[in-house]
Each structure stands twice: as structure tokens, then as C-alpha cells.
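*Asks:* Below, each chain spelled out in residue letters.
Protein chains: 2
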Amino acid sequence: MNSPRVTVISTGSELTAGRSQDTNSSWIANELFGLGYSVERFVVLPDDPKLIRDELKSLSSNASAEHPVLLVMTGGLGPTEDDYTLEVVCELTSSTPILNEKAHDRLQALYRLRGKGFEEALTTALRQVSIPSKSTALNNSTGIAPGFWSELQQGAYLACMPGVPKEMTSMFKEELVPLIRKQFHAGELYSDFLLIWGMSESLFQQEFIINLDVLKNGKAVWGVAAKKGYIRVTYQSEDKSVVDELIQKTKEKYTGLCTGDLFEDFPKLLSEKKLTIGTIESCTGGLAAKILTDRAGSSEYFLGSVVSYSNLIKENIVGVKKETLEAHGAVSIETATEMADNGAKLLGTDLAISITGIAGPGGGTPTKKVGTVFIGTHIKGQKTEVKELFLPFKRDLFREVVAATSLYIMYNRLRKLA
Amino acid sequence: MNSPRVTVISTGSELTAGRSQDTNSSWIANELFGLGYSVERFVVLPDDPKLIRDELKSLSSNASAEHPVLLVMTGGLGPTEDDYTLEVVCELTSSTPILNEKAHDRLQALYRLRGKGFEEALTTALRQVSIPSKSTALNNSTGIAPGFWSELQQGAYLACMPGVPKEMTSMFKEELVPLIRKQFHAGELYSDFLLIWGMSESLFQQEFIINLDVLKNGKAVWGVAAKKGYIRVTYQSEDKSVVDELIQKTKEKYTGLCTGDLFEDFPKLLSEKKLTIGTIESCTGGLAAKILTDRAGSSEYFLGSVVSYSNLIKENIVGVKKETLEAHGAVSIETATEMADNGAKLLGTDLAISITGIAGPGGGTPTKKVGTVFIGTHIKGQKTEVKELFLPFKRDLFREVVAATSLYIMYNRLRKLA
Chain S
1 MNSPRVTVIS
11 TGSELTAGRS
21 QDTNSSWIAN
31 ELFGLGYSVE
41 RFVVLPDDPK
51 LIRDELKSLS
61 SNASAEHPVL
71 LVMTGGLGPT
81 EDDYTLEVVC
91 ELTSSTPILN
101 EKAHDRLQAL
111 YRLRGKGFEE
121 ALTTALRQVS
131 IPSKSTALNN
141 STGIAPGFWS
151 ELQQGAYLAC
161 MPGVPKEMTS
171 MFKEELVPLI
181 RKQFHAGELY
191 SDFLLIWGMS
201 ESLFQQEFII
211 NLDVLKNGKA
221 VWGVAAKKGY
231 IRVTYQSEDK
241 SVVDELIQKT
251 KEKYTGLCTG
261 DLFEDFPKLL
271 SEKKLTIGTI
281 ESCTGGLAAK
291 ILTDRAGSSE
301 YFLGSVVSYS
311 NLIKENIVGV
321 KKETLEAHGA
331 VSIETATEMA
341 DNGAKLLGTD
351 LAISITGIAG
361 PGGGTPTKKV
371 GTVFIGTHIK
381 GQKTEVKELF
391 LPFKRDLFRE
401 VVAATSLYIM
411 YNRLRKLA
Chain V
1 MNSPRVTVIS
11 TGSELTAGRS
21 QDTNSSWIAN
31 ELFGLGYSVE
41 RFVVLPDDPK
51 LIRDELKSLS
61 SNASAEHPVL
71 LVMTGGLGPT
81 EDDYTLEVVC
91 ELTSSTPILN
101 EKAHDRLQAL
111 YRLRGKGFEE
121 ALTTALRQVS
131 IPSKSTALNN
141 STGIAPGFWS
151 ELQQGAYLAC
161 MPGVPKEMTS
171 MFKEELVPLI
181 RKQFHAGELY
191 SDFLLIWGMS
201 ESLFQQEFII
211 NLDVLKNGKA
221 VWGVAAKKGY
231 IRVTYQSEDK
241 SVVDELIQKT
251 KEKYTGLCTG
261 DLFEDFPKLL
271 SEKKLTIGTI
281 ESCTGGLAAK
291 ILTDRAGSSE
301 YFLGSVVSYS
311 NLIKENIVGV
321 KKETLEAHGA
331 VSIETATEMA
341 DNGAKLLGTD
351 LAISITGIAG
361 PGGGTPTKKV
371 GTVFIGTHIK
381 GQKTEVKELF
391 LPFKRDLFRE
401 VVAATSLYIM
411 YNRLRKLA
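Protein chains in written order, with full-length UniProt numbering: chain S, 1 to 418; chain V, 1 to 418.
Next up, chain S with everything else stripped away, as it sits in the complex:
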């Protein structure tokens, strides 16, 4: 069967009112890309049964067995009166709502758990655990409302899932992917990715991607996402060796700048080497520490930080010499070095990252422009290094990039020692 024309639909009046942001569609598109399908269109609609019905009709109208259509829809499966998905799909497939046993049992259990009588919210709640009679249930392993898979007409397939990201993402992976694979005989794609630090999307495309024949002749597809401080490059192909070669080529081109998922690998490396870490931050105001503690279990390697925003705290708590601050200024190699070394001593850590820079918009000087930052890395038994970077971004982006990059710099030194 030909691969389907795919549309991703999100429903919710809070979305079309701009009160909240639809993140489901791009997540789904990204996953489908991983399965080898490209999405033709996103549509976001308010909770309006007529609009939803008309959209589903027109999107499925020109579908056929030879030219199938896949519609992946999220939202509108809740218990409230502005949830219309069940009603609309029942109408389009001339079905009636029927109870989904599995969901119904889980709902009852939940009520028991809460010590509530199941009768209380019966009417509304039951709606939430019903699916169209002519549909296949998509089990909801993390929430209440089941999703469902319907054929609107020959060759027009509709998957409905809850709008709650946590419920949708697990339902997509556990329930929907197998159905899509079965329906459209999708070939298994092999995929791998790299982070490239200090690289821009467009530069990477210009100086590397455009020269790769294997991408031109369609043997593999690539994707790149611009992140804060790095880009995330993905290659996909049915042939593992093709992907491996692309990863290898990329590493050779950008030696030292490539990592795996740093935010996974760095903590892993720290645990393996039984190293403890802390940060002494000025312009990032604690953001590097926050990132280091994003993951559960970070107390294993992260001990603490000092945010020495004012010079008095740099002096009195961290122990940066008054003379150093006066002679070289707070934003300098010398201050960054003392912050890292004295910081490690103060916090009692094996490693310390120091960050001092000018986030702006104010505070720049002719010699030290806004966007200047010094990142120091103290490694027990090694000479402390300080990198000077110039990142002329606006304040919030500057801080995000600096914090993430400081982790990369430390990680990169550590893995070389490994």
C-alpha cells in the first residue's frame, strides 16, 4: 500500500485562542518522521463540533485504497461538555458510543482508590470511557480516556488520542505505532543522532549536508534541530551501515564538537568516575546548577553551588581576592580561575564550573562587550582552564547557551582524560 498523506489535528479552544501552545503536533510529526512518514499539514481547531466534522470530512474526501489518508488527532476526549471528538466520530462512522471495558474498569478502580462512590460522576465519566462502536480502542496506560482508531471511508484512517501530552505520547508509542505499521507496511527505519556544539543549523547545512550524495540519492534522510548552545542532528535509513557512516563522517568533520545526549552522558560519566561537581555562577544566576539537578538522582554527583552575583559574595563567600577583582574585573580569566578553584575547595567537590560574563543588555564596556563570558573548569589534579566566549545573543538565550555550553566544556575535558 502506498504511504499515506498525513495530517496532524489538534483540537482545543485554548489553542486557537492562543492561551496555550500546541506541542503535540510537532511531537507526533517528529515520531512519524522516525517511522518514515512525512506530515503534509497540521490543523488546529477550537472545540467546535461543526468545524471538526467538516475538517475531517474534507481531509478524508479524496482518500482511496491506492491513495490512503492518515489523520492523527489529539484532544476532545475528556468528560466535559466541550469535548466533541467521540460524538463527531460516531456521526461520521455512523457508530454509537460503547463502553470500553478496560477503561471502564480502570475508572472504577480509580474511584475506589479515592474512596468515592462510582455513581457520583457516572454520567460524564462514562462518556470519557466510551469509544465509537465501529472503531478499535487505543488503550490509555497513563490516564482514563481511551483513544480509538476508525476508518472514516475507504482509505481514510483516523486515530483519536487524548490531548494530555503524557497520555498521548505513551498511547502513540504503545498502541498507535503498531497499528500504523500494520496498516501501511512501514519499513523499520534505523536512526541515530549527534549533538554538535557551537554549531548553527544553516552553517551545518551549507558546509556539510549539501555535499552528502547519500542524502541526495535518498538512501537516508536527515533532520536538524537548533537547540540552545548546540544543534541536534538525526540521520535515518533502512540501512544501519548508511546511518553509521553518516555519524562517523559527521564526527570526523566536527572533531571534539560532537557528543551524544550530553545531559544523559555527562551524569553517567560523573557516576562512573565517582566524581562530585558544583558550580560558581554569576551571570547565569544558578541556571547551570538547575540543569545539573534536572535529572532525578543528581544528588549522587551534584553537591551544590554558589551564585555569586555581587562582588561582595565573590569575595566573602567564594574567596576571590579583592585585588583580582580590582585589577582585572569580575568578568576576567583571573576571576573565573579563582571562582573555579576556590569554589571547588568551598563546596568540597572534585569538579567545579565557574561562569562570569555580561548577559546584558546593560553592563558592557568597549573592551568587554555584552555577550562576553569566561567559563572556568576546575578538575581535581589538573590545571584549571578558562575559556573566553563571545555570544552576542539576547539576555535569556545568552544565559541558556552559556549554562549548557559550560557543561559541554567540562564534559569534553573529562572524556579526554578518560
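Calculated from the structure, these hints are not laboratory results.
Where chains are identical, the list cannot tell them apart; a pair therefore holds if satisfied intra-copy or between any two copies.
Below 27 Å or equal to it, Euclidean Cα-Cα: the simulated DSSO-like pairs (lysine-lysine) are: (1) Lys369 to Lys166; (2) Lys228 to Lys166; (3) Lys50 to Lys219; (4) Lys345 to Lys322; (5) Lys321 to Lys345; (6) Lys166 to Lys227; (7) Lys228 to Lys394; (8) Lys394 to Lys227; (9) Lys368 to Lys166; (10) Lys219 to Lys182; (11) Lys322 to Lys274; (12) Lys387 to Lys416; (13) Lys166 to Lys394; (14) Lys394 to Lys268; (15) Lys251 to Lys219; (16) Lys394 to Lys102; (17) Lys216 to Lys50; (18) Lys380 to Lys268; (19) Lys173 to Lys394; (20) Lys416 to Lys253.
Since the structure of chain S is provided, determine the placement of chain V on it from the hints.
*Replies:* Just chain V, lined up with the frame of chain S:
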């Protein structure tokens, strides 16, 4: 003229591939809401001229003078070969591309500025400063490519703007809003908002909104956005007194829980009172400090922080008593109190916020569940207070909510003293 049926369109293959997130559509929808228009649908399309043309055709097909259609489209105005907006709109309006003088001059100036010959990139660049002959230019005050306003057929109006948010937002406000007002005679709406802390979207709707007749009879519209630790409630009406009354009613219903934009008002209050602040954080790992330093000029009131993630740092740097930690544990009123009081002394600040809790998923006990947090607020000359909260959210949300709420708690104490 009747108010138009509005569709917001974003183009970009990076969007439909899920490589980047469309934030323009919800921003535009929110602004249009502020002008009194509700958006009927978002459409996101790849850089595919056929798909874009067909979508614009079908969206404008049933427009008429009595039932106008407004299409607001972003993206595809760049100089590269995958930018098709100009070409498609020229085709649909049987126009030819014509140079936009203003944009052309700015482009030339830019090249001169860069000391480059204008001839270099002429061909591609010129495309970027052209608009359809049958269209009105939308001047780009922050970038190169001008936008344009075209009538696709009677009653079907299309606004095309660059996809770069900075360029799009200023073009929307400066150039497009006046045109929309003129075309559709939009009445000026008065608008005001409140933050309500520790409140959920649905609860607010159930216990407050549904009882407001003024909203039922359409004299005013409301919007609510769920944020981390609070909801943001907006009221709009052509009648200022209606909005003021709604704000008043809300404040009465949720006394003490309402603030303006805390992230503006709190710093303002600190500056007015010439107070300095610092934080001593455990589970939030520096996030409260990061938020306090998000705004430029925060060094005026924010001096620094200690992230005392490990108990040794709570003891050795912050000066929490060993006995306190042993008798009551790190997550306790007693520890939070000492963190706040000793923290203020250590940092030399007038105010100190202390945060100690269990972010999870691990670390919970029968008596102290994951989601338990103690927030201490030290105010010079006042008795230190500690609030215990139970926030059973997943790790990252828990940390965001705790950090933001800690600022609210301190702000709320301060304003009462004012």
C-alpha cells in the same frame, strides 16, 4: 462589515517535520483575540507551493463581502529557493513581483554597512524585497523582507509576514493591525489581567466564571492560561468599567491569591524599598535564583544564592545545625528556618528565601511524600515564616511551581508590610 472568519497559516518544512515549534500562530491568535476576533483554525504547511496554493484557494473559496475571510500567514518570504509565498500569491492574484522601494533601499544600505558590493547577492536578495503588484506592502522595521496584504477574491484577505518572530510581531503591531481595523471596523477593546496563585484553570472556571452573567450575556470575554504555580486570567470588553468590575470581583473572591505580573511587580517593590534578596535552595537547585535574575538590572536587589543540595553544604556553608538535620531531617520546618535565617546572614541580604523539599521521583518517605516542600521567608526585622506545601507533580513541573511560588510567598508578605 461582519467580522471575518480567521485562519492563521504557518509555512515551513521544519515545522511539519517537527524539527521546530510554530509559536507564531498562537501569538497571532492571542493578539487577534485582543482585537476582538476569534481564530477559527491554524494550518501549518511545509514549503510546498502546491499545498500552499490549494490551501489558500480552499480557505478563500466561500468568502464574500458579507462573509469575509481573513488569512494571516507567516513564513516563506526569505531569499532561499524554498520560499514560495511571493510566487504563490502572485499566481493567485495574477500579479507580478515588483520591487518594494523602501525594502530595497534598506537592503542596499545593509550591504554598504557590511562593506559588501550590492551586486553580490543581487538576484536572490531582490526576490526578498519584492511584493505582488496587486498588494499593499507591510513594512519590515526590524528585518529585510517586507510583508504584504492582498485580496485573493472579494471578501478574502490575505496578510503575509516573515516567519522570524521578532520581525513578524513588530510588523503585526505596526502595519497589520491598522489595516485589519480599517478593513473590518474592529472596536477598540479594553483589557486587564490578574495572576491567581495556587489555582487551577478548571476549578476557577467551575467555582467562579460560570456564575458571571456579564460573561454569559457577552458584555465581556475572558481568557485563562495555566502557568506554573498560577493561572493568568484576562478580561476584555469595549466597556472599561465592565473589565474593572470583573477584576474587582476576582480579587474579592480570591483575596491574597491575586497579583499583577509578579515577575514585574516583585522586583519593582524590592527596588522601591531598597531591599536586597538572596536564596538558599535545595530541591530547586538554583531555579529560584535563576528566575530572580531573569530580568536585566537584577543586580540592584539580587546579591546571590547558595544551592545547598548536599547536607554537608547545608551544614558547612549555610550553617544549619547538625542536630537540626539529625533531629528533623533536611526537609523540615526547622531546617527551612535555619536555611533562611543563616542564609540571610551569610549572603548579607535583607530578605532570604529558603527552599527544601522532595522533587522525586525517589526520596519520599511514608511521613514525607514526594512533592512535600518547605518554603521559608526571612524578612529583616520580622519573624521568619515557613510554609509547607504538598505539590504532587512530576519533577520538572514541581521545581518550576515551587520556585515561582516561593517568590509569590515572599512578595505577598512584603506587600502586606508595605
